[in-house]
Amino acid sequence: MAATNGPTPALVVRGALAVRTGPGPDAAEPAGDVVVGGDGRVLEVGRDASPVVRADGDRGASVPELDATGCVVTPGLVNAHHHLLQTAFRTLPGTRGVPMREWLPTMAAAYARAHVDAELVGAAARAGLAEALLCGVTTVADHHLTWPAHVDVDGSVELALSAAAAADELGARLVLVRGTAGDDAELAALSADAIAAALVDGGSGGVRADGRVQVAVGPAGVHSDGEATFRLLAEVAAHRGLRRRTQANEQVDVVIALERYGRRPIDLLDDWGWLTPDVTLAHLCDVTDDEIARVAASGVSATHAPGCDVPMGWGVAPVARLLAAGVRVGLGTSGGGSNDAGHLLADARLAMQVSGLVGRQLAARDVLDAATAGSADGLGRLELGRLETGSAGDLCVWDVSGVADAGVADPVAGLLWASPGRRPRHVVVGGRVVVRDGRLVTADERGLARVLSRRLAPAAA
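Residue 27 is where the sequence shown starts when you use my numbering, and the numbers rise one by one after that.
These are calculated hints, taken from the structure and not from any lab test. Since the structure is predicted, the reported quantities are computational estimates derived from the model, not experimental observations. Positions of the beta carbon are idealized from the N, C-alpha and C atoms, including for glycine. Misleading hints may appear alongside valid ones.
[Said to hold, decoys possible] If you anchor each label on the Cβ, the simulated ranges turn out as follows:
(1) Asp178 with Ala367: 32 to 38 Å
(2) Asp93 with Gly64: 19 to 25 Å
(3) Pro337 with Ala432: 27 to 33 Å
(4) Arg462 with Val281: 45 to 51 Å
(5) Gly208 with Val434: 46 to 52 Å
Work out the full structure, taking the sequences as your base and the hints as a guide.
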């Protein structure tokens with residue numbers, strides 16, 4: 027491979043069985059290598075990258091390599107809907123299989139006992155992001171909804187900075203969604219504006235210049251926030267160039283909207299100016315064919331969260347119908363309060379398995395695409411979720427040579443069908459190796475767990 031006039035190769039992922047390059051049934055899946063440049067972007071995919079010629083013409087100069095023998099390489103997974111703070115609140119008594127009307131106050135009481143502050147936000151984010159990286163998730167959209175009443179605008183910026191610092195330390199990409207859940211509308215808008223100024227400082231699309239941190243806005247839904255909150259946050263988003271995200275058509279969302287307004291959530295969101303291409307709607311478990319058509323026509327994208335909705339009994343989004351209508355669909359885990367793991371590939375497997383209950387059976391590649399390019403597109407990040415020349419060098423190396431994959435005819439589909447607890451061998455973010463041979467490179471996994479456990483100990487006493 028000649029690169030005498032191009033960017034300098036900085037990493038070669040060597041000898042993959044197949045590389046999933048992008049979305050779609052006809053996407054290329056070549057065998058061979060992935061070369062990432064010093065700018066963190068993909069230089070080349072699919073052919074033997076040896077010998078490497080660096081930009082200075084020094085043939086054979088040492089370039090770090092990762093062994094992908096017996097492996098499938100995919101783009102880094104993009105978790106389009108998480109609640110990182112809930113990493114600290116898993117398997118709480120009274121939160122399993124209950125109506126959302128009971129679940130919400132139970133979680134709120136747990137937050138109050140734990141006294142949410144920057145220390146807790148940072149500890150939970152570190153644990154949650156470390157778990158994400160170890161599961162192959164390179165980008166996490168953190169729909170942060172918990173802003174205690176005593177926290178003013180400056181305090182909210184401190185919480186957001188704590189989460190962003192966790193991502194920077196671990197080498198993950200973070201999308202901090204300044205959410206609301208019944209917060210004062212004006213305070214929420216001022217906070218969102220200040221957080222965007224502090225974290226991304228006018229970056230295009232609300233993305234920091236290095237692409238590692240992004241800010242978005244997102245009320246929890248029409249069940250918790252009124253028109254004023256949606257309107258004011260939309261104004262901040264327009265001013266700052268931020269994406270917008272909210273939850274819609276879950277169990278409680280539909281019931282409360284009908285009780286309070288006599289209308290369904292999609293109707294309200296349309297009236298409130300939240301059916302536009304910069305908006306992503308999470309869940310969408312209870313949508314009619316007419317609502318799907320309206321969502322598709324508006325350019326809104328969707329996020330499926332089966333690992334939350336299915337075990338809690340909140341429904342299954344009709345993903346096949348959404349895709350058939352032209353809606354871009356991403357995948358999210360939601361948080362530890364309802365889905366006690368941040369394992370997006372496991373949730374992709376679940377999405378594939380339950381899809382036939384509400385429509386066409388989804389193929390493995392459909393769901394893998396949702397967990398990569400679909401999620402990235404909903405964030406406005408077309409450089410993520412793909413492994414093509416110029417794409418971000420975010421990738422996962424999945425070992426498919428063990429007994430769990432023995433007899434698998436299609437190793438890409440086998441990523442989902444086989445080995446439910448599969449974890450990647452290596453993970454790379456922007457050309458930087460963050461997981462090597464199944465171990466976190468950037469931090470001590472058990473140390474992060476101990477820090478969070480110690481912080482929670484007083485609340486459990």
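The hints, checked one at a time:
1. Asp178 with Ala367: 32 to 38 Å: Holds - the Cβ-Cβ distance for Asp178 and Ala367, about 34 Å, lies within 32 to 38 Å.
2. Asp93 with Gly64: 19 to 25 Å: Given about 21 Å between the Cβ atoms, the range holds.
3. Pro337 with Ala432: 27 to 33 Å: holds (30 Å)
4. Arg462 with Val281: 45 to 51 Å: holds (48 Å)
5. Gly208 with Val434: 46 to 52 Å: holds (48 Å)
When held up to the earlier numbered hints, the structure conflicts with none and fits them all.
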